[in-house]
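J.: Each chain, letter by letter, is given below.
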Amino acid sequence: MPLLKFVIFILSLLPFAWYGWGAWHDTLGANPIEAVTRGMGTWTLNFLLITLAVTPLRKLTGWHAALRLRRMLGLFTFFYAVLHLTSYLWFDQFFDWGEIARDILDRPFITVGMAAFVLLIPLAATSSNFAIRKLGGRRWQALHRTVYAIGILAVLHYSWLVKADQSQPLLYGGILVVLLGLRAWWREVERREQLAGKYQPKIRNRIIPIQPRR
Amino acid sequence: MNNTPAPSEITPPGLYARRREFLKTSIGIGLAGAVLPAPTFAAPAKLGDGAKKSVFSTGEEQTPLKHITGYSNFYEFGTDKEDPARHAHKLKTRPWTVTIEGLVKKPVTLDIETILKLAPLEERIYRLRCVEGWSMVIPWLGFPLDVLLKQAEPLGSAKYVEFVTALQPETMPGVRSRVLDWPYVEGLRLDEARHPLTLLVLGLYGDILPNENGAPLRIAVPWKYGFKSAKSITTIRFVEDEPRSSWMKAAPREYGFYSNVNPDVPHPRWSQAKERRIGEFMKRDTVLFNGYGEQVAGLYSGMDLKKHF
Numbered sequence: 000m001p002l003l004k005f006v007i008f009i010l011s012l013l014p015f016a017w018y019g020w021g022a023w024h025d026t027l028g029a030n031p032i033e034a035v036t037r038g039m040g041t042w043t044l045n046f047l048l049i050t051l052a053v054t055p056l057r058k059l060t061g062w063h064a065a066l067r068l069r070r071m072l073g074l075f076t077f078f079y080a081v082l083h084l085t086s087y088l089w090f091d092q093f094f095d096w097g098e099i100a101r102d103i104l105d106r107p108f109i110t111v112g113m114a115a116f117v118l119l120i121p122l123a124a125t126s127s128n129f130a131i132r133k134l135g136g137r138r139w140q141a142l143h144r145t146v147y148a149i150g151i152l153a154v155l156h157y158s159w160l161v162k163a164d165q166s167q168p169l170l171y172g173g174i175l176v177v178l179l180g181l182r183a184w185w186r187e188v189e190r191r192e193q194l195a196g197k198y199q200p201k202i203r204n205r206i207i208p209i210q211p212r213r
Numbered sequence: 000m001n002n003t004p005a006p007s008e009i010t011p012p013g014l015y016a017r018r019r020e021f022l023k024t025s026i027g028i029g030l031a032g033a034v035l036p037a038p039t040f041a042a043p044a045k046l047g048d049g050a051k052k053s054v055f056s057t058g059e060e061q062t063p064l065k066h067i068t069g070y071s072n073f074y075e076f077g078t079d080k081e082d083p084a085r086h087a088h089k090l091k092t093r094p095w096t097v098t099i100e101g102l103v104k105k106p107v108t109l110d111i112e113t114i115l116k117l118a119p120l121e122e123r124i125y126r127l128r129c130v131e132g133w134s135m136v137i138p139w140l141g142f143p144l145d146v147l148l149k150q151a152e153p154l155g156s157a158k159y160v161e162f163v164t165a166l167q168p169e170t171m172p173g174v175r176s177r178v179l180d181w182p183y184v185e186g187l188r189l190d191e192a193r194h195p196l197t198l199l200v201l202g203l204y205g206d207i208l209p210n211e212n213g214a215p216l217r218i219a220v221p222w223k224y225g226f227k228s229a230k231s232i233t234t235i236r237f238v239e240d241e242p243r244s245s246w247m248k249a250a251p252r253e254y255g256f257y258s259n260v261n262p263d264v265p266h267p268r269w270s271q272a273k274e275r276r277i278g279e280f281m282k283r284d285t286v287l288f289n290g291y292g293e294q295v296a297g298l299y300s301g302m303d304l305k306k307h308f
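Protein sequence lines correspond, in order, to chains D and W.
First residue of the first sequence? That's 0 in numbering that gives the first Met the number 0, and the numbers climb one at a time after it.
First residue of the second sequence? That's 0 in numbering that gives the first Met the number 0, and the numbers climb one at a time after it.
Among the hints, erroneous ones may be present.
Here are the computed lysine-lysine pairs in the DSSO-like style, where the Cα-Cα straight-line distance is at most 30 Å [stated by the list, open to error]:
(1) D:Lys162 x W:Lys51
(2) W:Lys65 x W:Lys105
(3) W:Lys80 x W:Lys91
(4) D:Lys162 x W:Lys306
(5) D:Lys162 x D:Lys197
(6) W:Lys248 x W:Lys89
(7) W:Lys105 x W:Lys158
(8) W:Lys45 x D:Lys162
(9) W:Lys65 x W:Lys51
(10) W:Lys91 x W:Lys273
(11) D:Lys133 x W:Lys149
(12) D:Lys162 x W:Lys273
(13) W:Lys65 x W:Lys116
(14) D:Lys162 x W:Lys52
(15) W:Lys91 x W:Lys45
(16) W:Lys45 x W:Lys104
(17) D:Lys162 x W:Lys105
(18) W:Lys89 x W:Lys45
(19) W:Lys104 x W:Lys89
(20) W:Lys91 x W:Lys51
(21) W:Lys149 x D:Lys162
(22) W:Lys158 x W:Lys89
(23) W:Lys116 x D:Lys162
(24) W:Lys80 x W:Lys104
(25) W:Lys158 x W:Lys305
Rather than coming from a laboratory, the hints here were simulated on the basis of the structure.
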């Protein structure tokens, strides 16, 4: 696992390296600044979906060790989100805070993008073992479930940005629907099993037990 | 990463084409030294040879050809700005005819070779502002569109002009997607179409128009967002009512008929106050009518530009 983790760490830095190299050697085309901003945004979304795929992957394959990669993948989501936001604040707005505030208020795609980023901050801030212990598993998990909302906001952000061709946002949205849909479905199955008296919540060892309503 | 050169590393066609001149000159000099009298070597004829300069040209720094051809919106070839350069070489530009019809006394169909000889070509260095917030400075070659329009003798009832882009499904991979209503349709009010700034474009950077920029002929309407300047035109139609363009059909709330460059009228989803000139780091302020207000503001006197966006 340490080796795999190291390999994935290096792989996760490749998009950053690729855009950095491209910016330095001017190989990002006619509008390199737009290419960097878009590229960082795309990779934020990629890492968000990869992070959200860990739990389904674990359940479908039984490869429970995958869980140990999730924190790192989540932090890479935040890493690319910071770069994406920075390139917008810097290269698009040149830190014109008045214009940025107007953008957040007037442009829905900026509003939801900014909301997604703000919601990511507490997740990144509470990613340490210390924070998990401090918060307690139950509260920690409740907090980290906001990632589902972040996923929806991020796909909306992409979809409202494109001029006409929705094929890419739809692809991301479709994957997100599958990843969240699987969770909803498993939860529903578990709820039904519980209602049928198949097992007690403790057996499944859920941090936040399902309280089925009749 | 592979060993294919990046688009930016490829020699711009203009320079590349001139390698022959260089070779010929070099050989010429060599031969001249060896055998006398010295033979003369004419440079290959190019479309822009002898083109007139225009008072409408800007002196601003011109965008390199590789960016003009490598970064463009031509959705018939795909929605990425790199797609036209990737696919447009397949476009069949010969034979090519343009049909001028509708409310005209004399409907005509003209061959591209005839159109090329209708009037002497001028070089017009125009700013181009894309609705997406970037801009370029482009040395077009052409003549006023009005020269072509006159061929059909429009009737007094004609109020608008519609431009229809070629639809070649076999060469245009982008038209398989229903992202726009094909064929691409754009329109101008008659006085806009006949305005001396409105250019019928046949060339770029002194040479014939590259496919990815709308070969073999397009228009350039420099005070409007780029999408108003229809590419690869096959039909020009005089009509009485305001045409509905492909972009108006795709998103009526976002794209109006006029689409004049205007920093004070934002796109519903983004600001139009600033633009990034391709090749520059800082953004610049967008200017009303893209800086052509002196020539065209009169066309819109008394009109509410927020309403007629």
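J.: Against this structure, judge whether each hint is valid.
T.: Consistency of the hints with the structure:
1. At most 30 Å may separate the alpha-carbon atoms for a hinted pair to count; Lys162 (chain D) and Lys51 (chain W) exceed this at roughly 38 Å.
2. For the given pair, Lys65 (chain W) sits about 41 Å from Lys105 (chain W) by alpha-carbon distance, which is inconsistent with the 30 Å threshold.
3. The hinted pair formed by Lys80 (chain W) and Lys91 (chain W) meets the criterion: a straight-line CA distance of about 20 Å does not exceed 30 Å.
4. Note on Lys162 (chain D) and Lys306 (chain W): the hinted pairing holds, with a Cα-Cα distance of about 21 Å set against a maximum of 30 Å.
5. Restraint check for Lys162 (chain D) and Lys197 (chain D): not satisfied, since their Cα atoms lie roughly 51 Å apart, outside the 30 Å limit.
6. Only pairs whose Cα atoms come within 30 Å are accepted, and Lys248 (chain W) paired with Lys89 (chain W) is accepted, the gap being roughly 28 Å.
7. For the suggested pair Lys105 (chain W) and Lys158 (chain W), the alpha carbons sit about 17 Å apart, so the restraint of at most 30 Å is met.
8. As the CA atoms of Lys45 (chain W) and Lys162 (chain D) are separated by approximately 37 Å, the hinted pair breaks the 30 Å bound.
9. Simply put, Lys65 (chain W) and Lys51 (chain W) have alpha-carbon atoms about 24 Å apart, close enough for the 30 Å limit, and the pair holds.
10. For the hint linking Lys91 (chain W) to Lys273 (chain W), the alpha-carbon distance of about 37 Å lies beyond 30 Å, and the restraint is violated.
11. At most 30 Å may separate the alpha-carbon atoms for a hinted pair to count; Lys133 (chain D) and Lys149 (chain W) exceed this at roughly 80 Å.
12. Taken as a hint, the Lys162 (chain D) and Lys273 (chain W) pair is honoured in the structure, with Cα atoms around 18 Å apart against an allowance of 30 Å.
13. Pair hint Lys65 (chain W) plus Lys116 (chain W) holds up; C-alpha atoms about 28 Å apart against a cutoff of 30 Å.
14. Proposed proximity of Lys162 (chain D) and Lys52 (chain W) is contradicted: the alpha carbons are some 36 Å apart, above 30 Å.
15. Annotation: proposed proximity of Lys91 (chain W) to Lys45 (chain W) holds, straight-line Cα distance about 20 Å (limit 30 Å).
16. Our distance criterion of 30 Å between C-alpha atoms is broken by Lys45 (chain W) and Lys104 (chain W), whose separation comes to about 35 Å.
17. Between Lys162 (chain D) and Lys105 (chain W), the direct Cα distance comes to roughly 39 Å. Violation of the 30 Å bound is thereby established for this hinted pair.
18. Of the pairs offered as hints, the one joining Lys89 (chain W) and Lys45 (chain W) holds, with about 22 Å between alpha carbons and a cut-off of 30 Å not exceeded.
19. A distance of roughly 36 Å separates the Cα atoms of Lys104 (chain W) and Lys89 (chain W); the hinted pair therefore is violated under the 30 Å criterion.
20. Pair hint Lys91 (chain W) plus Lys51 (chain W) holds up; C-alpha atoms about 29 Å apart against a cutoff of 30 Å.
21. Pair hint Lys149 (chain W) plus Lys162 (chain D) does not hold up; C-alpha atoms about 36 Å apart against a cutoff of 30 Å.
22. Using a Cα cut-off of 30 Å, the hinted pair Lys158 (chain W) and Lys89 (chain W) is violated, with the two alpha carbons roughly 36 Å apart.
23. Distance hint between Lys116 (chain W) and Lys162 (chain D) is unfulfilled; the C-alpha atoms sit about 38 Å from each other, more than 30 Å.
24. This hinted pair does not check out: Lys80 (chain W) and Lys104 (chain W) have alpha carbons roughly 40 Å apart, beyond 30 Å.
25. Pair hint Lys158 (chain W) plus Lys305 (chain W) holds up; C-alpha atoms about 22 Å apart against a cutoff of 30 Å.
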